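*Asks:* For reference, the chains in residue letters:
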Amino acid sequence: MNRQEKEQYLREYSILKAQGKPFFPYAVAKDSAMACVVMLVIILMSLILGAELGPKADPTTTTYSPRPEWYFFFLFELLKVVKEPALTPLATIGVPTICMILLFLLPFYDRSAERRPERRPVATTAGILTIGAMAYLTYLGASAGAPTQIDLETPSRIQAQGAQMVAQYESGKQVVAQSGCLACHKLGKNGNEGPGPELTDIADRLPRQAIQRTLINPTAPMPSFAALQRNSPEKFAAMVAFLGELKEEEGDESEDDAPVNAQRRP
Amino acid sequence: MPKLKLPAPPLPPGVPKPKPKRPGTPKQTPLDVAADAGASAVDWIDERTSLSGGLRWMLFRKVPKGTNWFYTLGSATMFAFLSQAVTGVFLAMYYRPDAAGGAYESMRYVNDEVFLGEFVHGMHKWGSSVMVILIFLHMARTFFFGAYKYPRELNWVIGVALLILTMAMSFTGYLLPFDQRSYWATIVGVNINGTGPLVGPYLSDFLRGGPEFGATSLSRFYAIHMMLIPGAIAALMGAHLYLVAKLGTTAPPWIRAEKSDAVREEKA
Chain Z
1 MNRQEKEQYL
11 REYSILKAQG
21 KPFFPYAVAK
31 DSAMACVVML
41 VIILMSLILG
51 AELGPKADPT
61 TTTYSPRPEW
71 YFFFLFELLK
81 VVKEPALTPL
91 ATIGVPTICM
101 ILLFLLPFYD
111 RSAERRPERR
121 PVATTAGILT
131 IGAMAYLTYL
141 GASAGAPTQI
151 DLETPSRIQA
161 QGAQMVAQYE
171 SGKQVVAQSG
181 CLACHKLGKN
191 GNEGPGPELT
201 DIADRLPRQA
211 IQRTLINPTA
221 PMPSFAALQR
231 NSPEKFAAMV
241 AFLGELKEEE
251 GDESEDDAPV
261 NAQRRP
Chain X
267 MPKLKLPAPP
277 LPPGVPKPKP
287 KRPGTPKQTP
297 LDVAADAGAS
307 AVDWIDERTS
317 LSGGLRWMLF
327 RKVPKGTNWF
337 YTLGSATMFA
347 FLSQAVTGVF
357 LAMYYRPDAA
367 GGAYESMRYV
377 NDEVFLGEFV
387 HGMHKWGSSV
397 MVILIFLHMA
407 RTFFFGAYKY
417 PRELNWVIGV
427 ALLILTMAMS
437 FTGYLLPFDQ
447 RSYWATIVGV
457 NINGTGPLVG
467 PYLSDFLRGG
477 PEFGATSLSR
487 FYAIHMMLIP
497 GAIAALMGAH
507 LYLVAKLGTT
517 APPWIRAEKS
527 DAVREEKA
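Each protein sequence line maps, in turn, to chains Z and X.
151 is the number that this note's numbering gives to position 151 of the first sequence; each next residue is one higher, with no gaps.
Each number in this note's numbering comes from the position in the second sequence (counting from 1) with 266 added on.
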């Protein structure tokens with residue numbers, strides 16, 4: 001915006017302002033009406049949706065699902081787009097920081113005098129795309145489902161090992177479901193695709209010892225389960241045992257798949 | 267008689283000016299006495315503060331023609347913040363930032379025992395969603411109307427800071443009820459901060475108050491949530507409002523002055 005454009009804007013604005021109405025009572029009336037609507041919406045939401053308090057925070061375990069407030073879903077989903085571990089910091093901090101800087105500096109790089117949205121195609125398109133992307137990511141985050149249950153059948157090879165093994169497998173499944181792993185990991189049909197790796201066949205890629213080490217000393221942003229191991233070792237052991245058995249099934253799948261699996265793991 | 271300097275609204279052109287009161291001593295009804303007492307009270311305050319000038323400047327500035335309901339989103343956001351402040355104060359009367367169980371128990375007490383406790387808790391909880399929605403709508407209006415351009419660049423920058431502070435407010439408030447959901451979501455959030463380059467680990471350590479999530483973490487989040495950020499929001503909101511009053515709200519971009527100017531010249 002050069003000096004002439006600035007002066008022209010100020011001149012035109014002073015005319016528009018002279019032709020306008022006083023702030024009080026005209027704008028104040030509108031603002032007050034809007035304030036009443038806002039108050040009403042807040043009161044209705046409070047009455048209808050309530051303020052439920054989940055179970056008490058417990059670093060060891062019980063039922064919990066670490067999901068952020070819904071308006072952080074779009075940031076949370078952004079993490080899942082980036083799979084490469086080396087690029088995780090870029091997704092977690094880099095992209096939001098860059099967006100914030102772009103937002104802060106907007107008036108300093110968009111210096112044209114034009115204000116009408118239809119005559120600023122780049123800005124308007126960018127704005128609509130940003131809103132669309134945020135809405136889509138929020139929808140993805142909201143529709144991910146409750147990450148507190150795992151619909152996995154106990155595989156036949158576990159059942160073949162007797163009742164004690166089945167019991168340990170089941171309790172481990174429960175600990176995993178309740179530990180909120182599914183907020184960041186996909187497990188079968190449940191859970192979110194990222195930022196963590198898929199757990200469905202984690203034992204094919206990681207031996208049990210490595211899984212245990214990862215649980216105790218994870219890479220950020222995954223929380224550490226060292227406290228769980230300290231406070232209730234049997235739950236931790238069940239968790240490790242369950243994760244250590246998450247292999248791709250041979251027996252349960254159809255006959256056609258079996259040879260392929262056999263080839264993959266000779 | 268006090269010489270009252272109450273702000274008086276400007277009169278539209280067609281309306282005649284009110285006649286001055288006739289001199290002499292008219293009958294004093296009780297109503298007049300009460301009005302006089304009120305006027306002298308206002309006069310007493312104004313003599314000491316000179317507030318009326320500022321009020322006049324704030325209230326009777328002109329709003330450009332063409333402003334519509336989109337222009338109420340900013341004040342609505344401020345109203346939502348005020349609602350959060352009031353309900354937050356009431357919650358703070360009962361809340362104990364004690365990670366060992368006091369925090370959760372105090373919120374349980376608010377929900378189950380306190381008169382209208384769950385209602386106020388709900389208003390605070392859902393009010394945050396309303397405030398975030400309103401602040402994003404307000405920003406969208408500013409963006410699409412090009413209202414961030416000269417001379418309002420600084421106001422845009424302050425507004426973005428207010429947006430970030432609002433999100434930070436939500437993040438720090440999420441932990442306070444200290445139920446499972448808030449506890450684990452906050453741990454993941456803090457760990458995400460920790461992956462940042464250079465300052466990330468220090469920021470996480472600062473938020474946790476140490477290398478691990480412990481007893482100090484909750485009181486730290488509480489102090490940030492109820493003192494640090496609200497103070498910053500209130501101060502920046504004051505600056506934001508001052509600039510709005512000083513620079514004026516924009517007219518919608520498609521409203522033009524030339525046409526009506528030409529009409530006026532034709533009339534003349």
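Do not rely on the hints blindly, as some may be mistaken.
Claimed, not checked - Result set (DSS-like, lysine-lysine): computed pairs, CA atoms no more than 25 Å apart in a straight line:
#1 X:328 <-> X:283
#2 X:512 <-> Z:30
#3 Z:30 <-> Z:6
#4 Z:21 <-> X:293
#5 Z:186 <-> Z:235
#6 Z:30 <-> X:328
#7 Z:247 <-> Z:56
#8 X:328 <-> Z:21
#9 Z:21 <-> X:283
#10 Z:30 <-> Z:17
#11 Z:6 <-> X:283
#12 Z:30 <-> X:331
#13 X:328 <-> Z:186
#14 X:283 <-> X:293
#15 Z:247 <-> Z:235
To be verified - Label-pair ranges, simulated between beta-carbon atoms:
#16 X:297 <-> Z:49: 18 to 28 Å
#17 X:371 <-> Z:10: 13 to 23 Å
#18 X:298 <-> Z:104: 24 to 34 Å
#19 Z:10 <-> X:498: 44 to 54 Å
#20 X:468 <-> Z:6: 14 to 24 Å
#21 Z:43 <-> X:374: 16 to 26 Å
#22 X:463 <-> Z:124: 29 to 39 Å
#23 Z:43 <-> X:500: 22 to 32 Å
#24 Z:121 <-> X:403: 17 to 27 Å
#25 Z:124 <-> X:430: 51 to 61 Å
As the list claims (entries may be wrong) - Far from chain X by the CB rule (all over 12 Å, computed), these chain Z residues:
#26 6
#27 153
#28 245
#29 247
In case anyone wonders, no lab produced these hints; they're calculated from the structure.
On a predicted model such as this, the values are computed, not experimentally measured, just so you know.
Glycine included, each C-beta is placed from N, C-alpha and C at the ideal position.
*Asks:* Against the structure, test the hints numbered earlier, and report the numbers of the ones violated in rising order.
*Replies:* Violated hints: 3, 4, 7, 11, 13, 16, 17, 18, 19, 20, 25 and 26; rest satisfied.
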